[in-house]
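Q: Each chain, written out:
Protein chains: 2
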Amino acid sequence: MTEYLAEKRELINEQLKLYVRDYTTPGRLQDAMLYSIDAGGKRLRPILLLATAKAFGAAEEKAVAVACSLEMIHTYSLIHDDLPAMDDDDVRRGLPTNHRRFDEATAILAGDALLTLSSQIIVEDVHLTDKEKVYLVRELSKASGPKGMVEGQMMDMLSEDKQISITELEHIHKNKTGQLLRFSIIAGAFLGNASETSLVEMKKMGNALGLIFQIQDDILDVTGDAEVMGKPIGSDEGNNKSTYPSLLGLEGAKSQKEQYLMTAQEALANAGVDQTVLSELIDYLSSRDH
Amino acid sequence: MTEYLAEKRELINEQLKLYVRDYTTPGRLQDAMLYSIDAGGKRLRPILLLATAKAFGAAEEKAVAVACSLEMIHTYSLIHDDLPAMDDDDVRRGLPTNHRRFDEATAILAGDALLTLSSQIIVEDVHLTDKEKVYLVRELSKASGPKGMVEGQMMDMLSEDKQISITELEHIHKNKTGQLLRFSIIAGAFLGNASETSLVEMKKMGNALGLIFQIQDDILDVTGDAEVMGKPIGSDEGNNKSTYPSLLGLEGAKSQKEQYLMTAQEALANAGVDQTVLSELIDYLSSRDH
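In order, the protein sequence lines correspond to chains S and F.
Counting from 3, one number per residue, gives the positions in the first sequence under the numbering used here.
Counting from 3, one number per residue, gives the positions in the second sequence under the numbering used here.
Keep in mind the hints are simulated off the structure, nothing from the lab.
Keep in mind that the hints are not guaranteed to be accurate.
[To be verified] Lysine to aspartate or glutamate pairs mimicking EDC-like chemistry, simulated, CA-CA at most 20 Å apart: (1) S:144 to F:127; (2) S:164 to F:105; (3) S:64 to S:134; (4) F:144 to S:127; (5) F:64 to S:132; (6) F:144 to S:24.
All figures in this text were calculated on a predicted structure; none of them were measured in a lab.
Turn these sequences into a full structure, and let the hints guide you.
A: The structure is reproduced here in structure tokens:
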């Protein structure tokens, strides 16, 4: 698994840099975009997309552009979320955040540019048909827009310093992090011409995966190693954020995660595809240490 | 002309509100998006697009979605440009700017949401073919992204408090405001199946139009009426910004504008289409008082 992840991460890293260099002019904006693109990251979303596409028999070259597009959206959202007016974070992945390394104006514009580019690289990709491009831009916009990720971030901001219920917490995470993870699964299955029945199961798996990811994130903020994570531990508690551990206790959160893990593995088994890599990826996401 | 502008503005206003309501969930994010969408604005870009589409014989219904998409991009860029880290403006069109009415985090997210929506409403439009959707998303991304509007804004920020040449100034404006105006012309001509020869002329016209628009903007910042404009006069000078009047003098700027006006009208005449409304629109843009 480690080797597989490293190989795909490298593929995505190289391709992302190529895109940014090709689609921008040398200068401060390009520097700021490359800085955040280059700042590492696990590339989990694009890797999930590539793995799902492969499980459904799609050629990898058909999936690379949309995988990079997805990671650009994830990256732009981190740049904007880190801004002083939002989460006000100084460090991300062990490095100064974009607005600390450059300045706020540059960080806002670098995020805007990555978001704009995310559509452009899909519609300019030579391996996709027009029909596929339209489907992918539509689903990705839905997942990342005002009924998806951006709405989740808004609700997350509004819930700060407030006691919220577990239902509200799940609603926030389904939008804030869940929808992009779910998209990686749906897009991969779509590119491999998944049957309607398989697609239903994969959507179920994608939903569960988003929640597994978030619970593990919350758990790591309590039990993680700051050095491995590249960011301080305990920031959720410091920010008075409602999390799975704060609402369910650490053990309660872990057992909730196990339940979603079963749901995800079961849905994957029902989808009737080559499960090897995907099944391992789900386990990896659930037990990751950063 | 006034009646034509009012009628089309109303059409765009209504459609924009419908889109935002349809594509968002009630709450703070929707409120913030509607606030800036509702804050008026001349709707020059979408009207130019509709007028060009009509001149080339396209059905209006084919042009409405992309006209609204274009205005969403313009609106998001104003929200982000007004932020304290950027131009730090408190008033826009006679009303508090988005971050003053709501807060910075909400304004950033409202901008991100409008930008995301701008692609979505094109790819979900029922009047366009997949081929048209792909073309329009591609051209609009190019015009608004890191080799277009966002790059222009970055260069504009970097040129503050600096003496720049007229060539550098034109380069900034070609990107910052020119490319979206040019897109309105190209998209309209494309939807009306313009010939290659016509398209070349219309691009020429679009380029000139962007410069006419910007020179008039700069002139109004010197000679305009604050009440008619809905914002204070003289802010460019106050911000030490290089402008056409500051580089060429007021009379020099006016005569430069007249030259571009001739270029634009000549290109339009050469494009071989129904010129009536477009020709009047060019004159209107050049002599507008706000």
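Q: Compare the distance between the alpha carbons of residue 64 (chain S) and residue 134 (chain S) with 20 Å, and conclude whether the hinted pair is satisfied.
A: Given pair residue 64 (chain S), residue 134 (chain S) holds - Cα atoms ~10 Å apart, limit 20 Å.
Q: Is the straight-line distance between the alpha-carbon of residue 144 (chain S) and that of residue 127 (chain F) 20 Å or less?
A: 14 Å, holds
Q: Does residue 164 (chain S) pair with residue 105 (chain F) here, judged by a C-alpha cut-off of 20 Å?
A: 18 Å, holds
Q: Between the alpha carbons of residue 144 (chain F) and residue 24 (chain S), is the straight-line distance 20 Å or under?
A: It holds: about 12 Å lies between the C-alpha atoms, which stays within 20 Å.
Q: Mind checking the alpha carbons of residue 144 (chain F) and residue 127 (chain S) for me, to see if they're no more than 20 Å apart?
A: Holds, because 14 Å separates the two Cα atoms, which is no more than 20 Å.
Q: Hint check: residue 64 (chain F) vs residue 132 (chain S), CA-CA at most 20 Å. Holds or violated?
A: 18 Å, holds
Of the hints listed earlier, there is not a single one the structure fails to meet.
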